[in-house]
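Listed below, chain by chain, are the residues.
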Amino acid sequence: MFPAAFEYVRAHSAEEALSLLAQHGSDARILAGGQSLIPAMRYRLARPTVLVDIGPLKELKYLRDDGPGGFLRVGAMTADMTLERDKHVRARYSLLTDTSDVVADPVVRCVGTVVGSLCHNDPSGDWGAAALAARAVMVVRGKDGEREIPIDEWLVDSFQTALQEGEMAVEVRFPTPDARTQGAYQKIERKVGDYATAAAAVQLTVDEAGRVTHAGVALTAAGPRPVRVDAAERILVGQTLSENLIRAASDEARAISEPFADTRGGVDYKKDMARVLVARGLRKAAGRLNLDLGASA
Amino acid sequence: MTTAEPTDTAETTHRITLKINGRAYKQDVEPRKMLAYAIRDTGLRGTHVGCDSSSCGCCVVVLDGDTPVKSCTMFAVQAEGREITTVEGLGAPGALHPLQQAFWDQHGLQCGYCTPGMLMTSYAMLQHHTDPTDQEVREFLGGNLCRCTGYNNIVKAVQQAAQALRDDQAGKLDTLAAAATGGSQ
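So the protein lines, in turn, are chains A and B.
The first sequence begins at 1 in the UniProt record's numbering and counts up by one.
The second sequence begins at 1 in the UniProt record's numbering and counts up by one.
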C-alpha cells in the first residue's frame with residue numbers, strides 16, 4: 001500500500017533540518033534510514049504530512065569512541081551495519097555487537113539507523129533494551145542548542161519519546177566500557193528479521209574480586225515500552241555471580257515482564273522466556289568476563 | 001465535490017533524476033512513490049516486487065556500489081543523486097557477471113522470482129566480504145526469501161561467485177605486478 005500523501009523536503013545541514021521542522025510544525029517528521037517509519041507509513045500507522053530527509057547529512061554519519069571514561073558516539077545517520085562491521089566495536093562492545101547482529105535482517109541493517117530505532121521506540125525493537133542496559137544517553141538538538149537525555153527518560157511509552165516539537169535527535173552515546181565490562185543480548189524470533197518474541201539485554205561490570213559493581217538488565221517486547229529490570233540489577237550489584245544469583249535476578253525479569261499475547265506466543269510463555277533470556281545473557285556476559293559461576297552450575 | 005480523505009489529495013510532484021546502471025532517467029514522482037515502482041517505470045523490470053512490505057528482499061537494489069536496500073522501503077525521491085545498480089547492471093546475456101554465471105551453473109533458482117534480489121544482496125555482500133563461510137552467506141541473505149526454498153543451491157552459487165571474483169582479482173593483481181616489473185605475462 002502507498003502511504004498517505006506527504007510533502008518531502010531534503011535537508012542539506014542539521015541546521016536546515018531544524019529550521020524545516022520549525023517551519024512545518026508538529027506534523028513534520030525526520031526521515032533517516034526509514035526502515036521503521038516507511039513501513040509504518042505504508043500501513044497508515046503513521047501519517048506525517050512533511051518528511052524532512054536527513055539522509056544526505058554526512059555530518060550525522062559517524063561512529064566515534066572517546067575512550068575510557070567517555071562514550072561511543074553514534075550519529076543519527078549511522079546505520080546498524082556500520083556498528084556491526086566495526087572491528088573496534090566488535091572487540092569492545094559485546095552488548096552492542098550482539099544487538100546489531102540480530103536487528104531485522106542484514107539488508108535492513110545496511111540502511112536502518114540506531115538513533116532512528118530509538119526515536120521510533122517500538123517496544124519490540126531491539127535497541128531500546130540494549131540502550132537501557134548500557135545506560136545510553138540521547139542527544140537532541142533544538143533551536144536553543146543541544147540537550148542530553150538519559151535513555152530511561154527518553155523512552156517514554158510505546159512509540160513515544162521525550163523529543164519535543166522542533167527538536168531532532170542527533171546522537172546516541174554509550175558509555176565506553178572498561179576491560180571489566182561485558183554484556184550480551186539474547187533474542188528469540190520466529191524467523192530472521194522478525195520482531196522479538198522475547199529478548200533481553202544485560203551488561204555487567206565487575207571488580208578485581210569478581211564482584212558486580214554495575215549491572216544493566218532490560219527487556220524487549222515485555223510491556224508498553226522497553227523496560228529496565230531494576231530489581232534484578234539491585235540483586236546483582238555487590239554480589240559475586242553464581243547460578244543462584246542468576247536465578248534470583250532472572251526471576252525478577254519474569255515478574256516485571258508484561259507482554260501481550262500475539263502470534264508469537266502467549267503471556268506465560270513470553271514471561272518465561274524473559275526469565276530464560278536474562279539468565280542466558282548473564283551466563284554469556286559472565287563467560288566473557290571469565291567468571292567462574294561455581295560448583296552450583 | 002465531497003471532502004476527500006487527506007490521503008488521496010493531490011500532492012506536489014518532484015522532478016527527479018535516477019542514475020540507474022550508469023544511465024540517467026528523469027521522472028516526475030509523488031514523494032510517496034516507492035523506488036521499486038520508479039525503477040520499474042523506467043522499463044527496467046528486473047527489480048521485482050514480492051511482499052511489498054520489506055520482508056522478502058525481491059526488490060533489493062544496490063546503492064552507491066555497496067549498500068543493498070529494499071527498494072519497496074525507500075521513496076524514489078530519496079534516491080536522487082545516488083548511484084543505483086539493478087540486476088540489469090550486473091551483466092548481460094553473453095556477458096554474465098560471475099554471480100549470474102554461478103547462479104546459472106549451480107541452478108541457484110527455481111521459479112526465479114527472488115533471483116534479482118538474491119543477486120543484488122549477494123553482490124553487495126561480496127563488496128565487503130570476499131571470502132564468506134556458508135553460514136555467513138546464509139546470514140547475509142537472511143532478508144531474502146525464496147518461496148521455492150532453493151537456498152542450498154543459492155549458497156553454492158554465491159560461494160562459486162566469491163571464488164571466481166577472488167581468482168579474478170588475484171589474476172588482475174598478477175597482471176599488474178607483471179606490468180610493474182616489466183614482465184611480459
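If you are wondering where the hints come from, they were derived from the structure by calculation, not from laboratory data.
Fair warning: this is a prediction, and the values are worked out from it, not measured in the lab.
Where is the CB? At the ideal position from N, CA and C, for every residue including glycine.
Check before you lean on any hint, since a few could be wrong.
Unchecked claim - Here are the simulated lysine-lysine pairs, DSSO-like style, with alpha carbons at most 27 Å apart:
1) A:K87 to A:K61
2) A:K61 to B:K19
3) A:K191 to A:K58
4) B:K33 to A:K58
5) A:K58 to A:K87
6) A:K284 to A:K143
7) A:K58 to B:K156
8) B:K172 to A:K58
9) A:K143 to A:K87
10) A:K284 to A:K58
11) A:K191 to B:K156
12) B:K156 to A:K61
13) B:K19 to B:K33
14) B:K156 to B:K172
Claimed, not checked - Chain B stretches covered by chain A per the calculated footprint, using a threshold of three residues with CB under 8 Å from any CB of chain A:
15) 47-55
16) 99-109
17) 158-165
Unchecked claim - Computed from the model, here is a short list of chain B residues facing chain A with C-beta under 8 Å:
18) T67
19) Y113
20) T121
21) T133
22) Q135
23) E139
For this structure, which hints from the list above don't hold up? Per hint list: 3, 6, 7, 8, 9, 10, 12, 16, 17, 19, 21, 22 violated.
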